[in-house]
Amino acid sequence: METRKGLYYSKDHEWVRVDGDRAYIGITDYAQDSLGSIVYVETPKAGRKISKGQVLGVVESVKAASDIYSPVSGTIIEVNDALTGNPELINESPYENYIAVISLDDPGELSELMNDEQYAEYTKGE
Amino acid sequence: MDRRTPLYETEKAMGAKFTSFGGWELPVSYSDILKEHHAVRNTAGLFDVSHMGEIIIEGRDALSFVNRLITNDLSPVPDNRILYSPMCYENGTVADDILIYKFSGTKLLLVVNAGNIEKDEAWIRSHVTGDVTVENISDRIVQLALQGPWAESIIRKILNDENTVLPGFYWFIETRLFGKDGQPPLKVLLSRTGYTGEDGFEIYLDISENGKSDAERLWNGILEAGRDYGILPVGLGARDTLRLEAALPLYGHELSDAITPLEAGLKFFVKLSKEDFIGREALARQSEQGIKRKLYGFEMIDRGIPRNGYEVIMNGSKIGYVTSGGPLPSLGINGGLALLDDTGLSAGDTIGIMIRERVCGARIVPTPFYGKKYKK
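Sequence order for the protein chains is R and C. Number 126 marks the last residue of the first sequence (my numbering); no jumps. Number 376 marks the last residue of the second sequence (my numbering); no jumps.
Watch out, some of these pointers could steer you wrong.
Derived Cβ-Cβ restraints for the label pairs, each shown as a range [to be verified]:
# : chain 1 : residue 1 : chain 2 : residue 2 : range
1 : R       : M1        : C       : G309      : 25 to 35 Å
2 : R       : A64       : C       : S104      : 39 to 49 Å
3 : R       : T75       : C       : R356      : 36 to 46 Å
Hints are computed from structural coordinates only; laboratory data are not their basis. Ideal placement from N, C-alpha and C gives every residue a C-beta, glycine not left out.
With the sequences and hints as input, model every part of the structure.
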């Protein structure tokens with residue numbers, strides 16, 4: 001399973017890429033592989049405040065719907081509309097296709113997430 | 001712990017992903033559910049369905065005994081023919097839906113759903129009368145399903161005797177596969193049945209003699225024979241999307257101990273006028289009084305994927321729930337089956353599906369969603 005250096009990872013298999021005060025959120029390669037063919041993505045509304053642990057969106061595979069939890073708190077400032085018509089983009093390149101961008105309330109929250117090595121170790125046990 | 005089929009290790013080595021279903025750990029997919037789905041529709045797919053149960057009923061009174069357990073009528077059925085039937089409780093709800101293979105009037109094979117094997121065996125045994133023996137042979141039977149437009153061509157390649165006449169739809173033969181290379185052939189029961197809406201076969205192999213090696217020979221031999229046709233091994237994920245497109249019921253969803261076969265639209269398989277059977281009185285009463293809820297097919301108008309258990313709304317009130325739903329890959333839409341109060345709904349009517357606290361528009365459509373003409 002691919003992991004990328006420089007990203008933060010949650011136990012629920014979301015990744016965070018920080019660019020200035022913008023945090024891009026997506027799901028990991030491990031998550032997309034476990035879900036299989038993704039056929040639907042429900043993205044959140046831009047402008048909404050969200051707390052860490054709240055449902056950011058929903059990813060549906062052929063078999064089931066799975067919630068995506070926000071790994072950080074902040075304001076949703078952008079969503080990836082390309083996923084609406086092409087949900088399979090997440091299967092093709094999970095780290096290039098973010099679900100939403102959040103303006104961080106507290107960058108300190110990032111320290112509670114895993115780095116790529118810790119996450120790789122974490123998914124070994126799953 | 002979940003049970004595994006004799007092919008578990010072989011499938012794991014092929015990269016299968018597993019899931020828990022009806023007390024079994026079974027392959028959900030080998031490569032990609034959608035790819036596997038389209039392979040069955042366009043070329044061929046091979047399923048390991050060894051989790052299904054097999055119960056043999058033998059004896060002088062076998063036929064009349066089984067006919068009392070089921071709602072369909074076995075009495076006019078010729079030898080080597082297969083009958084589909086619900087098996088009901090006294091209150092008319094469904095204990096299981098099964099296939100009955102008629103070898104003769106004194107020997108029948110019942111093929112039952114994986115999650116119901118023990119329950120069915122106990123139910124059947126508790127009703128035994130007359131000269132009848134019941135034997136649960138599920139543990140020694142490997143069952144594979146070969147489905148798709150190339151299924152017949154692939155079977156022809158592996159028949160031991162190429163002059164064998166293949167069975168027509170819902171008929172079976174006992175025959176031998178492989179062995180042209182000098183190895184002993186495999187004795188199998190071969191039926192023209194399936195759960196996909198495509199032409200195809202189900203193959204039953206008794207592994208009590210040579211164990212897993214026979215199962216592996218059968219599995220690998222079919223994949224090898226089908227390679228030039230584009231065969232893929234197919235898991236439970238695509239089995240579910242394929243059967244849903246063909247609107248075939250799944251026990252625990254469209255049928256259960258809270259649903260009668262009349263509600264599920266299986267009136268054709270309920271013969272109220274035959275000799276007495278378990279559930280007859282309740283079903284006759286329901287038939288007279290009118291069936292208050294029915295199974296309908298629907299497709300989504302709005303974005304969103306309907307799933308089992310989601311509520312169905314019409315004019316602001318709940319009229320039922322989704323029994324099975326999801327993507328219908330051959331149609332490129334989302335849809336499903338729903339058990340709805342019969343308020344005179346007909347094709348084209350608009351209903352609402354509650355998806356995550358939002359009402360999403362859908363319309364009633366005729367079933368099956370996917371239909372194909374094939375050899376019968």
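Hints and how they fare:
1. The supplied range of 25 to 35 Å is met by M1(R) and G309(C), whose beta-carbon atoms lie about 32 Å from each other.
2. Separated by about 45 Å at the C-beta atoms, A64(R) and S104(C) satisfy the suggested range of 39 to 49 Å.
3. Between T75(R) and R356(C) the Cβ separation comes to about 22 Å, which falls outside the hinted range of 36 to 46 Å.
Of the hints listed earlier, the one the structure fails to meet is number 3.
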